[in-house]
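With chain A's structure known, arrange chain B on it following the hints.
2 protein chains.
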Amino acid sequence: MNKISTAPLSGFMELSPSDQLEFDRIKDVIRAEHVKRGFLPIDTPLIYRSEVLLAKAGGETEKQIYRFDKGDNDLSLRFDLTVPLARYVVDKQSELNFPFKVSQIAKSYRGERAQFGRFREFYQCDADVIGRGSLDISYDAEVIALVDAIYSQLEFGDFTIRVNNRKLLSGFIDAIGASSKAGEILGIIDKAAKITPEEFESEIRGLGLSDDGAGRLREFIGLTGDNTAILNSLEELNIDNEVYRQGLSELRAVISLLADMGVTKTVRVDLMIVRGLDYYTGTVYETTINGREREVGSVASGGRYDDLASNYSSENFPGVGVSIGLTRLFAALKGAGLVGETKQTPVDVLVLPFSSAEFAYSYKLADQLRAEGKNVDVLTEDMKFGKKMAYADKTGVASVVVVGENEVKTGDTKIKNMKTGQESQLDTYSDS
Amino acid sequence: MNKISTAPLSGFMELSPSDQLEFDRIKDVIRAEHVKRGFLPIDTPLIYRSEVLLAKAGGETEKQIYRFDKGDNDLSLRFDLTVPLARYVVDKQSELNFPFKVSQIAKSYRGERAQFGRFREFYQCDADVIGRGSLDISYDAEVIALVDAIYSQLEFGDFTIRVNNRKLLSGFIDAIGASSKAGEILGIIDKAAKITPEEFESEIRGLGLSDDGAGRLREFIGLTGDNTAILNSLEELNIDNEVYRQGLSELRAVISLLADMGVTKTVRVDLMIVRGLDYYTGTVYETTINGREREVGSVASGGRYDDLASNYSSENFPGVGVSIGLTRLFAALKGAGLVGETKQTPVDVLVLPFSSAEFAYSYKLADQLRAEGKNVDVLTEDMKFGKKMAYADKTGVASVVVVGENEVKTGDTKIKNMKTGQESQLDTYSDS
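Taken in order, these protein sequences are the chains called A and B. Mapping the first sequence onto my numbering, position 432 (from 1) lands on 432, and the numbers just tick up by one. Mapping the second sequence onto my numbering, position 82 (from 1) lands on 82, and the numbers just tick up by one.
Because the hints were derived from the structure by calculation, they are not lab data. Relax, there's no trap hidden among the hints.
Where chains are identical, the list cannot tell them apart; a pair therefore holds if satisfied intra-copy or between any two copies.
30 Å max Cα-Cα, derived DSS-like pairs, lysine-lysine:
1) Lys3 / Lys63
2) Lys27 / Lys265
3) Lys384 / Lys414
4) Lys27 / Lys92
5) Lys416 / Lys343
6) Lys92 / Lys343
7) Lys419 / Lys92
8) Lys343 / Lys388
9) Lys92 / Lys394
10) Lys27 / Lys374
11) Lys107 / Lys92
Note that the coordinates shown come from a computational prediction; the quantities given were computed from them, not determined experimentally.
Excised from the complex, chain A in its bound form (with noise of 0.2 Å):
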């Protein structure tokens, strides 16, 4: 008989259980710290008409998008999760308080060209906060506060929340008079880490800016130093430009709040972060792992932006958010031998007895383990003794309960430490 391949399918990231709960530790760490601080998760669907996902996706969006016919539905599945978020805030309004803090940890789907890194099927895991009408600036520096405290749980080393401000850049290219080509700079700051100085230089050349424009552009994008050294660099640049000075003057908010959470060693101002083209309008922001920029990327992104739901509704929703791209992140991860380098179980005491005869006292003795809040198996598969503590090896399990007959007459139960060996007694009961 002709079997089916049971591979799955190209892009789609399927785990091995030991793999499964790495990934989960790290989904449970990001779900755990956005309820710790107030962010309402909730769970949207994956199947919309597709005139609702659409509203605002561009040409690349739409060719990626899985979309097919239903009835007499024209429907797609969610390429993300902002636009169901969109549509979420619209919908429920009047049961929502403003401003809405949101978690949202779920899979989008892509049907892109599969490549290294890519996927079809991805978590993000997004918090945002939701104004209606109106967003305090406050809540910039709380969604990068958040990245700060889930990558310092995460210990996956020392991290680079990098901050920008998209008026500052617009602002500033309007004072260089190169407004018409805002698009091509922002794209070529967007590169800048990606190319040499060279190419860089020779980009810069190709716009065309008049040679005092394009001397001030190498000269913003040229700042360096600590955050006070590059905001009072930005001060001292006097730009007569009013979306430039509201720029700036978010930014140093940011920054000072940000100091007022606790927040300042892994924060840096970075003039280069752009953060795409079409969607952020005020604070953009990246992270990266120290040493690990190039090989893992960005691990958390997010920023600003002006009107969440302009498809739906004549209201306005400004709002900030922050996104984990989790599969693209722990497949990263793995690549780099960051994660997944030991074979794991949730199972914290596995209870082996020898035969049926102990499996009362078994099930008993599980009991009692889980009730002092450990996570306990009982083999009880009809398996010769050597094959169970082969099993028991082969899982990873931390502590094994072996039961046989003089367990269950005496009560005298030993617990056995898998790695060191170390035997020691458990507090337990006996059936005579």
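Coordinates of chain B only, in the frame set by chain A:
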């Protein structure tokens, strides 16, 4: 401007944050109990080549499936968690330990006609134990004990797990010489609880059994008493059939093992439980909340199957599992007034600074309370103070801390219980 409708598609459940919290609480109880008993969480893709998903699916399922082409691929969304699991087990068998105890809590999709209580997108919470070659009967008892533990914690009321064995049914039907009508007889038994005794009797007569056969069937189905009494009666029927004897012996073993696990009060042998015609081959069970049998329906059901993965492997993988249809369950519980009656928030304490001058103090206070394990939010949106209190009230938060000029200066800070209005001193610091 014509705005696009934001309502979810019909058949898609989308909850307010307050209801979502209750939904997630139930989901977390189920997930935690799975892990506590050694079921390993896995996460499978949502999209498959249609030939993989439809290998086992019948005509009705095939009509309901969301199916579409992407590039050269004929793809479908999963319609349950069993088919994805079957191919996972075959695909990853070298990395798994058997018996493989596995937990899946995820959404599936069926584009069926929308009707009350039916969902096109729905969560299932599945726990399965998969053997390779063989699987001990003790695991049948173990998944039932899992259901008992879950519903004991959820406290939706007393509940009954009704247990039967398909071998008992089919052996009995064979013994009365009615094998050719097995499907019809099982169908009648399956719906017996939903029809009147007169209708039931007429259905039995309609089968065209011999008088003796019909009489014995009535006797079999009519057996009553506690578990021991029914098991003894089944013995005393003196059915000379190997399959019947095996079914009875399995049912006895399951009830006895459950007693070893301390699960007796909630388990009842019920000869009317069938669980569909195709899939299950041994132990079967359903669970109902006492007094809500009709209104809420089965809240956890499953059973033993001979071969999980016959379409994907020539090796034999027998298994036993239980599934909780969480989306349908939640809708039914809400309909019955058993959940979602009170406003909820995960936030334990809401900190309300009077103005931005108190942000720094408020942030520090929030971190201090978070370090004590509380979920804490700080409301920093620029609002009149009365609006801030109204916000606190509307979210349903249990406690608030108001931070004004005086609190910052003296550190004399009080936490207020929003229900009782009672204030108590917070052990905190001052800025001076």
